[in-house]
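All chains, please: the whole structure from these sequences, using the hints.
So the protein sequences, as listed, match chains A and B.
The first sequence runs 488 to 746 under this note's numbering.
The second sequence runs 5 to 514 under this note's numbering.
One or more hints might be untrue.
Stated by the list, open to error - With a straight-line Cα cutoff of 20 Å, these simulated SDA-like cross-link-like pairs (lysine to any residue) come out:
no., chain 1, residue 1, chain 2, residue 2
1, A, Lys566, B, Ala505
2, B, Lys35, A, Lys588
3, B, Lys128, B, Asp80
4, A, Lys588, B, Leu491
What the hints assert, rightly or not - Over the 10 Å line for every Cβ pair with chain A, so calculated as not near, a few chain B residues:
no., residue
5, Glu51
6, Gly72
7, Arg96
8, Asp109
9, Phe126
10, Thr218
11, Pro226
12, Glu277
13, Pro355
14, Asp371
15, Val444
16, Gly446
17, Thr471
Think of the hints as simulated: they come from the structure by calculation, not from any bench.
Note that beta-carbon positions come from the ideal geometry of N, C-alpha and C, so glycine has one too.
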Amino acid sequence: MTQKRRIPRLLQLALIVIGVYFSFVLVFDVALHQLIPKSLLTMYMLFVVAGVMMVFTFTEEGAQELVGPIKALVEDPSKKMVRNIVFVIVPLLAGYYTYTKMVPSFEAPMELRTIHPAPPGKFKAFGKSFNLTTLENPYRKFQKEDPAKFAELVKAGGNVYIQNCQYCHGDKLDGRGPYASGLNPTPLNFQDVGTIAQLQESFLFWRIATGGPGLPAEAAPWISSMPVWQNFLTEDEIWKVILFLYDYTGRSPRSWANE
Amino acid sequence: MSSVNKIALLAFCTALFMAGSAAAKPGTAAKGKEIYDKRCTWCHGAEGDGGGAAKDRLNPPPRDFTSGNYKIRSSDFADPTPNDDDVFRMIRDGMPGTAMPGWSDLLAEQDMWDLVAYVKSFAKYEKPPAKQVEYGTQIASSAESIEKGKKLFEDGDRCVECHGKTGKGSASKRLKGDAGERTWPRNLTKPWTFRGSNDPKDIYTRISTGIAGTEMPSFADPKSKKKLTDEERWHVANYVASLAKTDKKVNAENTVIKADMVEGELPNTPEDERWEKTTPTTFYTVPQIIGGERYFTPSNDTITVRAMYNNKMVAMLLEWDDRTKSIPGDDNAEKLADAPIAEDGVAVQLPVVIPHEMKKPYFGMGDAANPVNIWHWKSGTKDAAETINLLSSKGFKEIEKRDAAGVGLKAKAIYSDGTWKVIMTRPLTTSAADKDIQFVEGKFIPVAFAAWDGSNNGEKGSKHTMTTWYWLLLKPATGSKPLITALAIAGLFLGGLLWWARSATKKPAA
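Have a look at this one:
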């Protein structure tokens, strides 16, 4: 055979698997800043290993070559030294892995959370019933009709915000107010495209008026620290503060008209 | 010119260039005003006088730029003019421990320079300061320097007068700002609350300039009886930087108080040495704004908790820094407090039923379906001893006061030099399982805390600080099971490998 010297098949296999692993980490964690969940990565890697094994053992020859070094390690008398080392290390690793899995970690239980629970059709606040499908911000129309008046309403909403909401949601509406780090879960970041820009104003009104205790059962665990604002603010103030949230972040509410 | 001189000249030119580049971005006050009117008026007010809508609900209050007082500046003590860099830094990085955030993620660098120009115009600062803080040669921190700094800190009550012997700022006198507002000495053991960072160089700067508008004087002022030389100020800066108590810093990852199992009796005082061996867990406390009279200007900011248990009892040690021991009726306490004075207090909240799934009682004193137990300790008055109260609660409006002694709930507290330590103990189980939590080993038990500083705006009732739910775990002894299993697995692997090797080497013979 005029085969050129090349990397042993077993090492090739290991290199490919390690390469794929680090590519995942590099692309998601480093480049995209989207930490890839460990469980998901484990599953992907399982498929990768299975796939690579299939390719490598596709021909009888290939399979032989792959397991060759392993067989040699066990059978070849000249490799006695390496064999002894491997025979000590492998059981130790297995024992260590078992031990770390068995020792209880006492980490806090995971708490999943629904950020935007499906709203009810109707809800009660301020002693009356609101229909979420038809509810609209009574001040939104001034944005086009009377910009000067609208600016005043936004300013009034800003004052409500700074006196009540900034403690948690922050001066910059980024969910990082002075008390944000004392709350679990942490307050929402309105600058994020995934929050108020995805919602209708009526949804915000419902969440603000009824707060954490007003969340539906499927939003459990029931741990939102959002106060029940109907106890402290008027309907009017809530609608104004909603105007402010969109104005300051430069986002628009979703509405039936725009869809 | 020798090479050393050349390097010195190069360094000098670089320094000039760096200094120049900061000044080379002069902001435009008119542009700054536009940004200010959109972003800053809410707290600092349209007139720059700190009179924004939020002013009464912030502690510390927003800065009044018209006063011309810049607390965090690096110009000479005698010149109140801040450097542009000083103001820029405050805008860019914000001020820890206050509501002022850093703006670098929302504003472009030039925007922030424009703001500097506009903000300075409120006090009509037009020229840069004539003189800067003199740094001499920085002395790196060392055990020796820290020791010298400690001596200077204590000498003639220099710093101890306000900051206290341990640096926690425990009050011995009333302090006030130029506008007559109550101010408190910084707790030097919590450097993450320093408004202008805890880098020794920044601490040196504060010691040298003093804090404008407050009673913190300059220690570089030759007229001061407490004056320090450059070198001495570096020692004090190094000492202050060394005071950090990292136990009291919140680690967001650590949300579980792990109670260690102990043999024999549990500690019955906060001073028991065994507490030193337990793991502290620190939580932020935030003011109560969800019910009743809301509260916006707290003084407490964290609480540190340790726990132990044995086969009968559980004990928790609650520790938090409080500059005042608030005992109504006590002359000294009344003198330091802002009237009306109330008792200091702390409370632990636990669910009556440990939840099986994730749903916990409402964190604000429980709800109708999910009652909570509250263990509420109060510091006592001049005529009455400290007390521990047991409450069963189904929300703010349905609170039942019960007999703490009846279920064996006890508390004992010690106040020392700016810190409260309160120990609470209770039997693991009581006779009323429908009313009291029954502690179980190995389960994650939701737990929350509240604290009252009776000398700060008379905190009492619903005016207090609090946490949301965290966890208490009575950590079961691990036992030998993991070790035995691990050894068995290792043995199996070894056996398998040996068998494989043996059968493989036999093959040729067969």
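Here's how the hints hold up against the structure:
no. : hint                     : result
1   : Lys566(A) with Ala505(B) : holds, 12 Å
2   : Lys35(B) with Lys588(A)  : violated, 60 Å
3   : Lys128(B) with Asp80(B)  : holds, 18 Å
4   : Lys588(A) with Leu491(B) : holds, 13 Å
5   : Glu51                    : holds, 16 Å
6   : Gly72                    : holds, 24 Å
7   : Arg96                    : holds, 13 Å
8   : Asp109                   : violated, 8 Å
9   : Phe126                   : holds, 19 Å
10  : Thr218                   : holds, 20 Å
11  : Pro226                   : holds, 39 Å
12  : Glu277                   : holds, 24 Å
13  : Pro355                   : holds, 12 Å
14  : Asp371                   : violated, 7 Å
15  : Val444                   : holds, 15 Å
16  : Gly446                   : violated, 8 Å
17  : Thr471                   : violated, 7 Å
Hints 2, 8, 14, 16, 17 from the list above are not met by this structure, while the remaining hints are.
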